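Undergrad: Listed below are the residues making up each chain.
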Amino acid sequence: MAASVFDSIERIKWAVMNGDIDATSSLTAEALERGTQPGAVFDALTTAVIAMGERLSKKEAFLPELVITFEAFRKGADVVRPRLDLPREGDKLKVVIGTVEGDIHNIGKNLVKLMLEVSGCEVYDLGVDIPAEKFAEKAVEVNADVVGCSTLISPGILALRRTVEQVRKLRGGATKVFIGGYATSPALAEEVGAVYCKDAYEAVQQVRILQGEKSR
Amino acid sequence: MTVSTNAEMTPYERVAAMYRGEPTDRVVLGWVREVETGIGLPSVTVADVVRDKSGYKLYRGIKTLHDRYQTDIITVGTYTTVEAVAMGTKDKYFVDQLPAPVEYAVKSPEDLDRVSIPDPRTDGDLPCLYNCIKRTVREFWNHALIGCGTVGPFSVAARIRGLWQISFDIMKRPWFAHDLVNHATEACSSIIEGWFEAGALGTGGGAGSETVLSSKHFKEFVVPYERRYINKAKRLGFTSYTRHICSGPSASIVIDNFTDFGLHGMPTLVWGYYEDAKTMLQKKAMFAESAPQVAVGGVIRAADTITFGTPDEISREVERVVKTCAPGGKFVHIPECSLPPRVPLENLDAFVISAKKIGRIG
Chain A
1 MAASVFDSIE
11 RIKWAVMNGD
21 IDATSSLTAE
31 ALERGTQPGA
41 VFDALTTAVI
51 AMGERLSKKE
61 AFLPELVITF
71 EAFRKGADVV
81 RPRLDLPREG
91 DKLKVVIGTV
101 EGDIHNIGKN
111 LVKLMLEVSG
121 CEVYDLGVDI
131 PAEKFAEKAV
141 EVNADVVGCS
151 TLISPGILAL
161 RRTVEQVRKL
171 RGGATKVFIG
181 GYATSPALAE
191 EVGAVYCKDA
201 YEAVQQVRIL
211 QGEKSR
Chain B
1 MTVSTNAEMT
11 PYERVAAMYR
21 GEPTDRVVLG
31 WVREVETGIG
41 LPSVTVADVV
51 RDKSGYKLYR
61 GIKTLHDRYQ
71 TDIITVGTYT
81 TVEAVAMGTK
91 DKYFVDQLPA
101 PVEYAVKSPE
111 DLDRVSIPDP
121 RTDGDLPCLY
131 NCIKRTVREF
141 WNHALIGCGT
151 VGPFSVAARI
161 RGLWQISFDI
171 MKRPWFAHDL
181 VNHATEACSS
191 IIEGWFEAGA
201 LGTGGGAGSE
211 TVLSSKHFKE
221 FVVPYERRYI
231 NKAKRLGFTS
241 YTRHICSGPS
251 ASIVIDNFTD
261 FGLHGMPTLV
271 WGYYEDAKTM
281 LQKKAMFAES
291 APQVAVGGVI
301 RAADTITFGT
311 PDEISREVER
321 VVKTCAPGGK
331 FVHIPECSLP
341 PRVPLENLDA
351 FVISAKKIGR
361 IG
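Protein chains in written order, with the working numbering: chain A, 1 to 216; chain B, 1 to 362.
With the rest of the complex left out, here is chain B (with noise of 0.2 Å):
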């Protein structure tokens, strides 16, 4: 394998030889996100971590979370509605989860003239972001390569109209679909622009929605914005991307368009649901015909194995993956998903910690 080296690397020259598939002294290490929970944090609720502006509470989480594992990778995250509710949209909160939208922002076309591209160090719940980049790149600046990122201009595009709505705008008034997502793409590139203002050195995209359209309409109403999005991110100075496949009927599809975005020249790293290891090695393998400098990770399941397994069953899964993806580099070692508020702790320990101890054989 080639994940070992003798001499300890620091989480950057870890992350930097990883992506150009030169060996590392140990598996690089994703973020593990359950802070919006406020892990660690007794009688903290989501609601309390997510709507706290000063982005306090989410840092306490996240510096909780990093004093134990000590990940190679820090993303400041909360729920995945954040951009479109700073954009109009209602959400409702529910005991010990994540908030989820009521109600969408522009109800009709004539909707959209009135919905504002949001300022991240102002509105909704985006302070709460911006504000914990400034603590954590305080903090961990040295320590991890921290990102934030948005969850891309389809996803915000379906948070503010509905997904159910905008497949039927896709149909019937394909024009308007566009303006939306346009929209979208301008509120994303305005959200970025602040979170690399407060310090993040990484952003990303990447959701659900855009995991419900056939090929032809992915083309259309996402690969275009999507690219503009990451021209941005380069624009800005961002080092790198981090681009979501959410678990959905055209997961493959996204995979498959990857190379459309016109990512050359950034390290991204495509994570999240891949059928199994052994398919994420072949979409490896794929990536690298085109783009130099991509890693995968993902494949473990967090609504599943992560949640619901021993920490034994984990770790084994953790073993497998690892030593499928690891080997020539370009891989990170990360759930496929965001984990659930809630998750055992010592499930935690289990994903983390015995891919540490299996990064260092060599």
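Just chain A, same shape as in the assembly (with noise of 0.2 Å):
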């Protein structure tokens, strides 16, 4: 029995990865079935997105290979998400998102946002041409732990430099920053006292390691 939950799991892993959509639907809903855990069939899905995440960090997977894993991840999530408990609210680590006020580039953003909820973080995506004082008002609204603005294109930076200093004047050292976009950089982050995150799975890097502050 323990060795076909973890073939099962394996292949779950296996199809999200490869971004079969049909297969991790119904080797979802089959591991179901079986009696596997909802959870450890969740994990099996998010632990699929955030390796591929990782070979896209590490440039051995490109934008193409992660669309259809995600694709194949939200399929999954479809079938197992009605049968988990849900976390206890406070738990989680409260993280408000959005692109900022000016540009409605949304892939980035939108990649980050799931690899955050399966990360286990609840998620407040404000969506696209936020101005910075909704970033601010929400993360009041929902205490947030961390606001992470993203812009692609340059003309975004006065935009977030604004947003970095709404939420500081709203929220003080309550809530950290995160930033990231193409038009963002190390040394934008240090200048203005943020969070720089490369790409989505760095991100998630930055979460663990405030999700391990805030357990503590």
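Hints in this document: simulated from the structure, not taken from any laboratory. Just so you know, these numbers come straight off a predicted model, no measurement behind them. Just so you know, not all the hints are guaranteed correct.
As the list claims (entries may be wrong) - Away from chain B, derived, C-beta distances all over 10 Å, residues of chain A:
| id | residue |
| --- | --- |
| 1 | Gly35 |
| 2 | Gln37 |
| 3 | Pro82 |
| 4 | Asp91 |
| 5 | Leu114 |
| 6 | Glu137 |
| 7 | Ser154 |
| 8 | Leu188 |
What the hints assert, rightly or not - Subject to a maximum C-alpha distance of 25 Å in a straight line, what follows is the list of computed DSS-like cross-link-like pairs (lysine-lysine):
| id | chain 1 | residue 1 | chain 2 | residue 2 |
| --- | --- | --- | --- | --- |
| 9 | A | Lys214 | A | Lys198 |
| 10 | B | Lys63 | B | Lys107 |
| 11 | A | Lys58 | B | Lys172 |
| 12 | B | Lys278 | B | Lys323 |
| 13 | A | Lys59 | B | Lys323 |
| 14 | B | Lys323 | B | Lys356 |
| 15 | A | Lys169 | A | Lys94 |
| 16 | A | Lys134 | B | Lys92 |
| 17 | B | Lys219 | A | Lys59 |
| 18 | B | Lys234 | B | Lys219 |
| 19 | B | Lys278 | A | Lys198 |
| 20 | B | Lys216 | A | Lys59 |
| 21 | B | Lys107 | A | Lys75 |
| 22 | B | Lys53 | B | Lys92 |
| 23 | B | Lys216 | A | Lys58 |
| 24 | A | Lys198 | A | Lys58 |
| 25 | A | Lys58 | B | Lys278 |
| 26 | B | Lys219 | A | Lys58 |
| 27 | B | Lys172 | A | Lys75 |
| 28 | B | Lys216 | A | Lys13 |
| 29 | B | Lys172 | A | Lys13 |
| 30 | A | Lys59 | B | Lys278 |
As the list claims (entries may be wrong) - Quick list of simulated restraints, FRET-style, between CB atoms:
| id | chain 1 | residue 1 | chain 2 | residue 2 | range |
| --- | --- | --- | --- | --- | --- |
| 31 | B | Arg138 | A | Ile50 | 53 to 63 Å |
| 32 | A | Glu191 | B | Val102 | 48 to 58 Å |
| 33 | A | Lys169 | B | Glu193 | 48 to 58 Å |
All C-beta atoms in this analysis are idealised placements derived from N, C-alpha and C, irrespective of residue type, glycine included.
Please assemble the complex out of the two chains, which come individually in their own frames, going by the hints.
TA: Following this line, the structure appears as structure tokens:
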């Protein structure tokens, strides 16, 4: 029995990693029918997504490979989610995320959102073209641990700076600010006092550090 | 350094000598693109400029900057979605910023049949460019090499379909991804036909979308179509090609596969993202092995150094890059990407004028 559970978990991971959407869906349903714990099935799905994110970060995979992995994950997650025990409020790291005002690029932001969700964060996605004040107000409303703001275009940097200022003004040190996107850089992060994430995988690593600090 | 001669050269002589790797009186200055913002035209917004079909406001912006800097190359351009918008993609404008796509023309495979090949004289915001080329050529034909291109076949395909969706197509229905890029190739070819008719001598391609692909997909979905596009440019009679390397996870793949594009016989500038000046120098040597007239340019970050650096910092960076890469010619001084609207004028001055000064050093 243990071997069969192991097999089904590994097959789910394989299906997600290879972007086999139909197989992910059917293998997930099959594993649940066989009595595999929903939490274990969900872990298999998320492990595969994070592994793909790591491959992307190392340039072993690229956007097309990641897109189908995500699509497969979504299908599998739709099957398993109704069976999952929801974690208690307060256990999760709260993250407000969005693309700054004047910028509507959303692929990177959506990748980060999904990666953080599968890493156990409570993510509030404000969308794109978000004014600085809205980031800060949402951070206050949900008592956010992190505000993540991104911009791909250089004009977005001015809006990003305003966003960091606004969040700091309303939240002080209670909320950390993560920045990312092509137009950002480690130097900019250092200058504005934010955490630089070069990609979605690095955002997950930074969140894990915070999760560790919070659980201590 | 071989960037110095005593006699002052004309821009055409300078550019031609640079491509041949011969000495020039100073470093070749690429275009300074802040014109779409209507720089120097108070109360003119980005939307005013790019939606003015007569191309007059864009031309005025180009004139303002060219009168100030006398660059050797002028590239007429507005925003990087202009081709896709002419094919049905819907865009959104922001205050003082360039428009971006909000709704793609091809939502499902069936939509592709309804997407027509754009006519640059009439469709979308393309007439702004078409008419601006005419105006710019009339005034500056003897002062600079004037060019106009597109973002290239794959990036146009990504902008009519959406980058996420075309990535999905590549993996799950590659036949449709090929249809998309094929259609975009036809569109790009039609557009540059208009640019040539209007008087442009140079053309180009390249944008960020293809820098998210693996080497395998790049060879399958970018190279063959870009070869066709470049062949079309050659047949039309364009005298040079500029290929932009936008920053992205696989920017180096674009550079390393560059020789597959079939640019033999066409002077080409491969400009944009290189890790640093030393890498750009190495790539210059690599290009020289397979194509005799390929120049490089870029490195200095438009969104970072030029926008937020001080004039002194910019001058130092310019000096470092020019002194590393200009010896031996085949180098154009140009930012690594389009300049964002509203870069401080003193920063632009530092970027251009300090390069001119360095170029005169013997």
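Undergrad: Give a verdict on every hint.
TA: Each hint tested on the structure:
Here Gly35(A) stays apart from chain B, with its beta-carbon at least about 32 Å from theirs, past the 10 Å limit. The claim that Gln37(A) is not at the interface with chain B holds, since no C-beta of that chain comes within 10 Å of its own (minimum 31 Å). With 10 Å as the threshold on Cβ separation, the claim that Pro82(A) sits away from chain B holds: the shortest Cβ distance comes to roughly 26 Å. Residue placement check: Asp91(A) keeps its beta carbon more than 10 Å from all beta carbons of chain B (closest about 31 Å).
The claim that Leu114(A) lies off the interface holds: its Cβ sits roughly 12 Å from the closest Cβ of chain B, which is beyond the 10 Å cut-off. Once the 10 Å rule is applied to beta carbons, Glu137(A) is consistent with being away from chain B; the minimum gap is 21 Å. Against the 10 Å criterion, Ser154(A) falls within the reach of chain B, whose nearest CB is about 3 Å from its own CB. For Leu188(A), the shortest C-beta to C-beta distance to chain B comes to about 7 Å, within the 10 Å cut-off, and the non-interface label is violated.
For the proposed pair Lys214(A) and Lys198(A), the alpha carbon gap of about 23 Å is at most 25 Å, so the pair holds. With a C-alpha separation of about 40 Å, the suggested pairing of Lys63(B) with Lys107(B) is violated against the 25 Å cut-off. Between Lys58(A) and Lys172(B) the alpha-carbon distance is near 23 Å, which keeps this suggested pair within the 25 Å criterion. With a C-alpha separation of about 11 Å, the suggested pairing of Lys278(B) with Lys323(B) holds against the 25 Å cut-off.
Taken as a hint, the Lys59(A) and Lys323(B) pair is broken in the structure, with Cα atoms around 32 Å apart against an allowance of 25 Å. As the CA atoms of Lys323(B) and Lys356(B) are separated by approximately 12 Å, the hinted pair is consistent with the 25 Å bound. Restraint check for Lys169(A) and Lys94(A): satisfied, since their Cα atoms lie roughly 19 Å apart, inside the 25 Å limit. Distance hint between Lys134(A) and Lys92(B) is fulfilled; the C-alpha atoms sit about 20 Å from each other, no more than 25 Å.
Distance check on the hinted pair: Lys219(B) and Lys59(A) sit about 17 Å apart at the alpha-carbon level, within 25 Å; holds. Among the hinted pairs, Lys234(B) with Lys219(B) is consistent with the structure: their alpha-carbon atoms are about 21 Å apart, no more than 25 Å. A C-alpha spacing of about 23 Å is found between Lys278(B) and Lys198(A), which places the hinted pair at or below 25 Å, so the restraint holds. At roughly 13 Å between alpha-carbon atoms, Lys216(B) and Lys59(A) fall within 25 Å of each other, so this suggested pair holds.
Simply put, Lys107(B) and Lys75(A) have alpha-carbon atoms about 21 Å apart, close enough for the 25 Å limit, and the pair holds. With a C-alpha separation of about 18 Å, the suggested pairing of Lys53(B) with Lys92(B) holds against the 25 Å cut-off. Between Lys216(B) and Lys58(A) the CA atoms are separated by roughly 17 Å; this keeps the pair inside 25 Å, and the hint holds. Restraint check: the Cα-Cα separation between Lys198(A) and Lys58(A) comes to about 12 Å, which is no more than 25 Å; the hinted pair holds.
Among the hinted pairs, Lys58(A) with Lys278(B) is consistent with the structure: their alpha-carbon atoms are about 23 Å apart, no more than 25 Å. In summary, the hint linking Lys219(B) to Lys58(A) is supported, as the alpha carbons are separated by about 20 Å, within the 25 Å threshold. Among the hinted pairs, Lys172(B) with Lys75(A) is consistent with the structure: their alpha-carbon atoms are about 15 Å apart, no more than 25 Å. A distance of roughly 24 Å separates the Cα atoms of Lys216(B) and Lys13(A); the hinted pair therefore holds under the 25 Å criterion.
The hinted pair formed by Lys172(B) and Lys13(A) meets the criterion: a straight-line CA distance of about 19 Å does not exceed 25 Å. Distance restraint check for Lys59(A) and Lys278(B): the Cα-Cα separation of roughly 22 Å lies within the 25 Å cut-off, and the hinted pair is therefore satisfied. Range check, Arg138(B) to Ile50(A): Cβ separation about 58 Å, and the 53 to 63 Å hint holds. Under the hint 48 to 58 Å, the C-beta atoms of Glu191(A) and Val102(B), about 31 Å apart, miss the expected range.
Here the CB-CB span from Lys169(A) to Glu193(B) is close to 54 Å, well matched to the stated 48 to 58 Å.
In summary, the numbered hints that this structure violates are 7, 8, 10, 13, 32.
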